[in-house]
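Based on the sequences and whatever the hints tell you, model everything.
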Amino acid sequence: MDFEALRDRVFAHPDNAAVLAWLEAKPSVQLQRGTNGYGYDEGANVFFWEWGRRIPEDAKFDLLYHHLMIHPVTARIFAFQHGRFTFVLRRDWARAGEVPEEDARVGYTLDAGVDFSDLGDPWCLLNGWVDEGDEEDELLWAWELAGRDP
Numbered sequence: 001m002d003f004e005a006l007r008d009r010v011f012a013h014p015d016n017a018a019v020l021a022w023l024e025a026k027p028s029v030q031l032q033r034g035t036n037g038y039g040y041d042e043g044a045n046v047f048f049w050e051w052g053r054r055i056p057e058d059a060k061f062d063l064l065y066h067h068l069m070i071h072p073v074t075a076r077i078f079a080f081q082h083g084r085f086t087f088v089l090r091r092d093w094a095r096a097g098e099v100p101e102e103d104a105r106v107g108y109t110l111d112a113g114v115d116f117s118d119l120g121d122p123w124c125l126l127n128g129w130v131d132e133g134d135e136e137d138e139l140l141w142a143w144e145l146a147g148r149d150p
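If you read the sequence shown in my numbering, its first letter stands for residue 1, the second for the next number, and so on.
Source of the hints: derived by calculation from the structure; they are not laboratory data.
Hints should not be assumed to be uniformly reliable.
What follows is a set of in silico ranges between Cβ atoms, one per label pair, in the way DEER data are often shown [claimed, not checked]:
1. G147 x D8: 15 to 25 angstroms
2. G97 x S117: 19 to 29 angstroms
3. W93 x A21: 21 to 31 angstroms
4. G97 x W22: 39 to 49 angstroms
It should be emphasised that the depicted structure is a prediction, and the values quoted were computed from it without experimental measurement.
We put the beta carbon where it would ideally sit given N, CA and C, even for glycine.
What follows is the structure, given as structure tokens:
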């Protein structure tokens, strides 16, 4: 896989602009195959290898210390980890069912109170808004949605 070309496509994709700005990611940073993070990172283990076990390996990446899931065909980011145990998802709301009345980008995780409302729709907190036990399905649905043309 040409990581440099994919990184350039990720930064050029308009759907990724808000996430990359929020993460303060720079286009000069190397995109790398997803790992377990730097040292022991239980959040990355859960994100990539437990909840994300059905996501193809070629969709799991590290951008500095951020763990991202990116559809390799469309270059659209569909999930990311922030901090130790905060996960954010580009949710397939139509497939997931009812849209909550509250802002699904604001809540509490094991890290702290978080507010990702700047990302806009369709983003939501994976841990906090997705029913426990449904994380695998939700990530798979997000991967499928990210692979569709806009």
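A quick look at each hint next to the structure:
no., hint, result
1, G147 x D8: 15 to 25 angstroms, "holds (19 angstroms)"
2, G97 x S117: 19 to 29 angstroms, "holds (21 angstroms)"
3, W93 x A21: 21 to 31 angstroms, "holds (22 angstroms)"
4, G97 x W22: 39 to 49 angstroms, "violated (26 angstroms)"
The structure fails hint 4 only (numbered hints given earlier).
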